[in-house]
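Throw the hints in and build the complete structure from the sequences for me.
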Amino acid sequence: MYDTFPIEVTVNGRRRALDVAVHHTLLDVLRDRLGLTGTKECCVVGECGACTVIVDGRAMNSCLILAVEADGAEVTTIEGLATSGRLSPLQEAFLEKGAVQCGFCIPGQVMAAHALLARNPHPTVAEVHEGLAGNLCRCAGYQQITEAVLAAAEAADR
Amino acid sequence: MSADRVGASPQRVGGHGRVTGLQQYVADIRLQDVLHVKLVALDCARARLLSIDTTAAKQVPGVRLVMTAAELPQPVPRFGPQFSDRPILAVGETKYHGEPVAAVAAETKDAAEEGARLVRVEYEELPGGVFSVAAALDPASPLVQDPAIRPNDPLATTNILREHRFGWGDVDSASADLVVENSYAFPMVTHFAIEPHGFMAAPDGDGVACWSSIQHPYLLQKTLATILGLPLAKVRVFAPDPGGGFGGKQNPKLEPLIALMALRTGRPVRLILTLDETFQAVRRTSAEVRIRTGFYADGTLVFQDIESNYLVGAYADIADRVVSKGSYLACGPYRVPAARIVARGILSHTTPATAFRGFGNPQVNWARESNIDEGARALGIDRLEIRLRNLARHGEAFVPGDTPADGDWAQTVQKAAELIGWGTPLPAGRGRGLALGLKSGPTTGLSYSTVRLLGDGSVLVYAGTSDMGQGARTVFAQIAAEELGAPIDRISVVMGDTAVVPYDQQTSASRSSVLMGTAVLRACRDVQAKLRTMASRLHGIDEAAIVVERGMVRLPDREIPIVDVLRAGLGRLGGELIGNGEMRMDAQAGHPLGGNAAFFEFNCTAIEAEVDEGTGEVVLVRHVTVGDVGTALNPLQVTMQDEGAAIMGLGHTLMEHIILDESGRIRNLGAIDYRIPTSMDLPLELRSASVENADGPGPYGVKGVSEGSLLCTAPAVVAAVRDATGVVIRDLPLTPERVWRALRDRR
Numbered sequence: 000m001y002d003t004f005p006i007e008v009t010v011n012g013r014r015r016a017l018d019v020a021v022h023h024t025l026l027d028v029l030r031d032r033l034g035l036t037g038t039k040e041c042c043v044v045g046e047c048g049a050c051t052v053i054v055d056g057r058a059m060n061s062c063l064i065l066a067v068e069a070d071g072a073e074v075t076t077i078e079g080l081a082t083s084g085r086l087s088p089l090q091e092a093f094l095e096k097g098a099v100q101c102g103f104c105i106p107g108q109v110m111a112a113h114a115l116l117a118r119n120p121h122p123t124v125a126e127v128h129e130g131l132a133g134n135l136c137r138c139a140g141y142q143q144i145t146e147a148v149l150a151a152a153e154a155a156d157r
Numbered sequence: 000m001s002a003d004r005v006g007a008s009p010q011r012v013g014g015h016g017r018v019t020g021l022q023q024y025v026a027d028i029r030l031q032d033v034l035h036v037k038l039v040a041l042d043c044a045r046a047r048l049l050s051i052d053t054t055a056a057k058q059v060p061g062v063r064l065v066m067t068a069a070e071l072p073q074p075v076p077r078f079g080p081q082f083s084d085r086p087i088l089a090v091g092e093t094k095y096h097g098e099p100v101a102a103v104a105a106e107t108k109d110a111a112e113e114g115a116r117l118v119r120v121e122y123e124e125l126p127g128g129v130f131s132v133a134a135a136l137d138p139a140s141p142l143v144q145d146p147a148i149r150p151n152d153p154l155a156t157t158n159i160l161r162e163h164r165f166g167w168g169d170v171d172s173a174s175a176d177l178v179v180e181n182s183y184a185f186p187m188v189t190h191f192a193i194e195p196h197g198f199m200a201a202p203d204g205d206g207v208a209c210w211s212s213i214q215h216p217y218l219l220q221k222t223l224a225t226i227l228g229l230p231l232a233k234v235r236v237f238a239p240d241p242g243g244g245f246g247g248k249q250n251p252k253l254e255p256l257i258a259l260m261a262l263r264t265g266r267p268v269r270l271i272l273t274l275d276e277t278f279q280a281v282r283r284t285s286a287e288v289r290i291r292t293g294f295y296a297d298g299t300l301v302f303q304d305i306e307s308n309y310l311v312g313a314y315a316d317i318a319d320r321v322v323s324k325g326s327y328l329a330c331g332p333y334r335v336p337a338a339r340i341v342a343r344g345i346l347s348h349t350t351p352a353t354a355f356r357g358f359g360n361p362q363v364n365w366a367r368e369s370n371i372d373e374g375a376r377a378l379g380i381d382r383l384e385i386r387l388r389n390l391a392r393h394g395e396a397f398v399p400g401d402t403p404a405d406g407d408w409a410q411t412v413q414k415a416a417e418l419i420g421w422g423t424p425l426p427a428g429r430g431r432g433l434a435l436g437l438k439s440g441p442t443t444g445l446s447y448s449t450v451r452l453l454g455d456g457s458v459l460v461y462a463g464t465s466d467m468g469q470g471a472r473t474v475f476a477q478i479a480a481e482e483l484g485a486p487i488d489r490i491s492v493v494m495g496d497t498a499v500v501p502y503d504q505q506t507s508a509s510r511s512s513v514l515m516g517t518a519v520l521r522a523c524r525d526v527q528a529k530l531r532t533m534a535s536r537l538h539g540i541d542e543a544a545i546v547v548e549r550g551m552v553r554l555p556d557r558e559i560p561i562v563d564v565l566r567a568g569l570g571r572l573g574g575e576l577i578g579n580g581e582m583r584m585d586a587q588a589g590h591p592l593g594g595n596a597a598f599f600e601f602n603c604t605a606i607e608a609e610v611d612e613g614t615g616e617v618v619l620v621r622h623v624t625v626g627d628v629g630t631a632l633n634p635l636q637v638t639m640q641d642e643g644a645a646i647m648g649l650g651h652t653l654m655e656h657i658i659l660d661e662s663g664r665i666r667n668l669g670a671i672d673y674r675i676p677t678s679m680d681l682p683l684e685l686r687s688a689s690v691e692n693a694d695g696p697g698p699y700g701v702k703g704v705s706e707g708s709l710l711c712t713a714p715a716v717v718a719a720v721r722d723a724t725g726v727v728i729r730d731l732p733l734t735p736e737r738v739w740r741a742l743r744d745r746r
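Residue numbers (numbering that gives the first Met the number 0), protein chains in the order written: chain B, 0 to 157; chain S, 0 to 746.
There could be a bad hint or two in this list.
Per label pair, the in silico range of CB-to-CB distance [stated by the list, open to error]: (1) B/Gly12 with S/Arg666: 43 to 53 Å; (2) B/Arg15 with S/Thr54: 35 to 45 Å; (3) S/Arg666 with B/Arg32: 32 to 42 Å; (4) B/Arg15 with S/Arg740: 53 to 63 Å; (5) S/Gln23 with B/Gly84: 11 to 21 Å; (6) S/Arg666 with B/Ser83: 42 to 52 Å; (7) S/Leu136 with B/Asp55: 52 to 62 Å; (8) B/Ser83 with S/Asp563: 28 to 38 Å; (9) B/Glu68 with S/Pro146: 52 to 62 Å; (10) S/Gln23 with B/Gly12: 18 to 28 Å.
These aren't lab readings, by the way, just hints derived from the structure by calculation.
Glycine residues also receive a C-beta, built at the ideal position from the N, C-alpha and C atoms.
Next comes the structure, spelled out in structure tokens:
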């Protein structure tokens, strides 16, 4: 019924070969084909940030990328952040600073923060606010999220 | 271990799943063999349905069912938490933009969407759609609801859903030195929970199971049982933790439709709304409030005369209760000798308004606080001083017949004033504003909890509250840790399954720490009583001489950890101790709201702001919010709730408003055109503080805390803008354009 296209994409270190519908987004494929439901769906127009994943090192709204465009890409989702069952320092900091309320935006916040710290290991408060401006939190835990990102940055120095 | 108990801030229970992506919200749950549902709606608000042709939709490969009103039981069942007025699908006429007229179930999302596009609805857009208070009250306007669905209601031939009158004293004969009268408008805004509402249903033996991102699972169970003609025991509601609720997820909406579709197809069905569809499903009621306040020359309040018209939407949902409860405290926390309060819920061809954090109070609170500011300025009295002068004292019956003031509220006000530096000099171009807010907690309630102390000393707590981010699981676990001595990592809180967890009336009105918290506490104390019996038997000591507290069983001559008594008492077969707790607040006959407030949420917010005169942009330099919380069971969570409510308040104060076009369509549908606060919109400094006097009715003196600061944000910001610039604005939100125009007109 719909045209499909074969892609190969590496998700959380695992190479996947899939036939994807040409109109499906990376978000659709992550959630519905790969069962990686940690990446959340909200606005589907690239405004809320709930679907943020890291594609080839950059934080991207996976609702704005067609799955076929991810052919050959390396994708990291929230499920790929903890290693051997241990939370990443950023995940730990989110828990420690009380950055998590309902939690629905948190995977996107964590991934956006992860990408931010990768390119700017020592952000200022203003840089964290700007770096996460595309990630809405209606519980509005912005101050705690910012504290968590700064704490994770500091922890990386120790 | 003390870090797990009440008064500490242990890590959120359920936090691990939320930072790893493993937490399952409704949309993340995969049912085998599921059908995907897509709704069909029209591109206007008010239309007569002429015909619905489903032929083409049914021919789409994979489409299994196209449900229209004609396919539903006849007459089409109507439901609602207060009035049974909302049909399962639109009948004959659509009443608001987005009201579903059909639904398509298919093997894939793509097929469901394709099918929905191919449902041919022939309709005639009707003129005269009612989108404002003025239009609704115009006798020439059409009736939004058919009078036949409001039998025996004298208002059924008007667009007034209901009118409420409260008050005391004699307003008309009161004589004041100054009377200030103005009108204030509050915009339509939407909840914008980041999790769009999601629903699933499936046949379940000889009953039905339903999954919903709902705050009131037991109300949903009852609603489905009524519509489907099933006993409660055959309706199982799973309520996974909602991804934000804020009131918007309190009441059933589309669950009856999908339950019927599941039973019709014999298969699980799944409907996850888009964000745009959630905008069309829930909103806060807008309001126009006229206030006339009488003052003596020294600032003492003489009377208040308050008339509020809330534009509630096409179906009542819970909005009539929002109107009455929101207006009952219209005079706020003050000593007002004479009050006349009139509040109307007015039907319109707009999204049905529902509960939203603050529950009708923010609309009136902003008007009253702004009005008092105008009085203070006219009298030349300091705006802090005029509030303290009129503020009800602890124990004062400020609303005759209701709960007396349950806190030393002046402490809260003084603390906020101190933190903002009230009265200290300001740089040029800066201004300060201060506002008080008051809201009734629950007026009735019923919560049950079961607590199981398992053989190894670990604990299961059953609580029917929905943890939508407020952190109820953590607070209940802290109570169990305090009472039974188990560390939090050995406690599980079970929620969200009506077949397993005992009844809870609802998750609303900042009630859960107080009401369910009390039920959990009592269930823990029931377990403690059984431990005393056990220790008495084991040690041959009279029960009266045994105390169980803080994880220990104290005998006259020594103390033993609970788990040791438990192991010895349970013996070789093992087992567990089970405790039950109940917290009931019955309705009070004759009370205008059905019952006294369990507690009041009291907040004082103070703001320092400056305005960019070139652009009209408001810059919040400092934002201080102080709440009277009784006891902070978890101080970090109190801060999170308080800041969250404050920032949400900045939304309707500075940027949020739903815009309708002439057909009643929402013009700013979705995240691009409807803006909510981001990390870039925070005050330069935001500070949340609490007053704790352990004077609340809940466990350890707790009061509810999750709405207070939202009541005060708008009036405090507007007052600061006035202070900084001299312009008076009585319409929200303070968009740069509106502020710029006001500045221009001032010149």
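**Prompt:** Does the Cβ distance between S/Arg666 and B/Ser83 fall inside 42 to 52 Å?
**Reply:** For B/Ser83 against S/Arg666, whose Cβ atoms are near 50 Å apart, the range 42 to 52 Å holds.
**Asked** Does the Cβ-Cβ separation between B/Gly12 and S/Arg666 fall within 43 to 53 Å?
**Response** Taking Cβ atoms as reference, B/Gly12 and S/Arg666 lie about 45 Å apart, which means the hint holds.
**Item:** B/Arg15 versus S/Thr54 beta-carbon gap, inside 35 to 45 Å or not
**Value:** Given range 35 to 45 Å: holds, Cβ gap about 40 Å.
**Request:** Please test the hint of 53 to 63 Å on the beta carbon pair from B/Arg15 and S/Arg740.
**Result:** Since the Cβ atoms of B/Arg15 and S/Arg740 sit about 55 Å apart, the hinted range of 53 to 63 Å holds.
**Item:** Consistency of beta-carbon spacing, B/Gly12 to S/Gln23, with hint 18 to 28 Å
**Value:** Given a distance of about 23 Å, which is inside 18 to 28 Å, the answer is holds.
**Request:** Starting from the hint 52 to 62 Å, judge whether the C-beta atoms of B/Glu68 and S/Pro146 obey it.
**Result:** holds, 56 Å
**Cβ distance range 32 to 42 Å for S/Arg666 and B/Arg32, holds or violated** = holds, 35 Å
**Message:** 28 to 38 Å was suggested as the range; check whether the CB atoms of B/Ser83 and S/Asp563 agree with it.
**Reply:** holds, 36 Å
**CB-CB spacing for B/Gly84 and S/Gln23 relative to the 11 to 21 Å hint** = This hint holds: roughly 19 Å between Cβ atoms.
**Prompt:** Between S/Leu136 and B/Asp55, does the C-beta distance stay in 52 to 62 Å?
**Reply:** holds, 59 Å
Consistency with the previously given hints is maintained throughout, with no hint failing.
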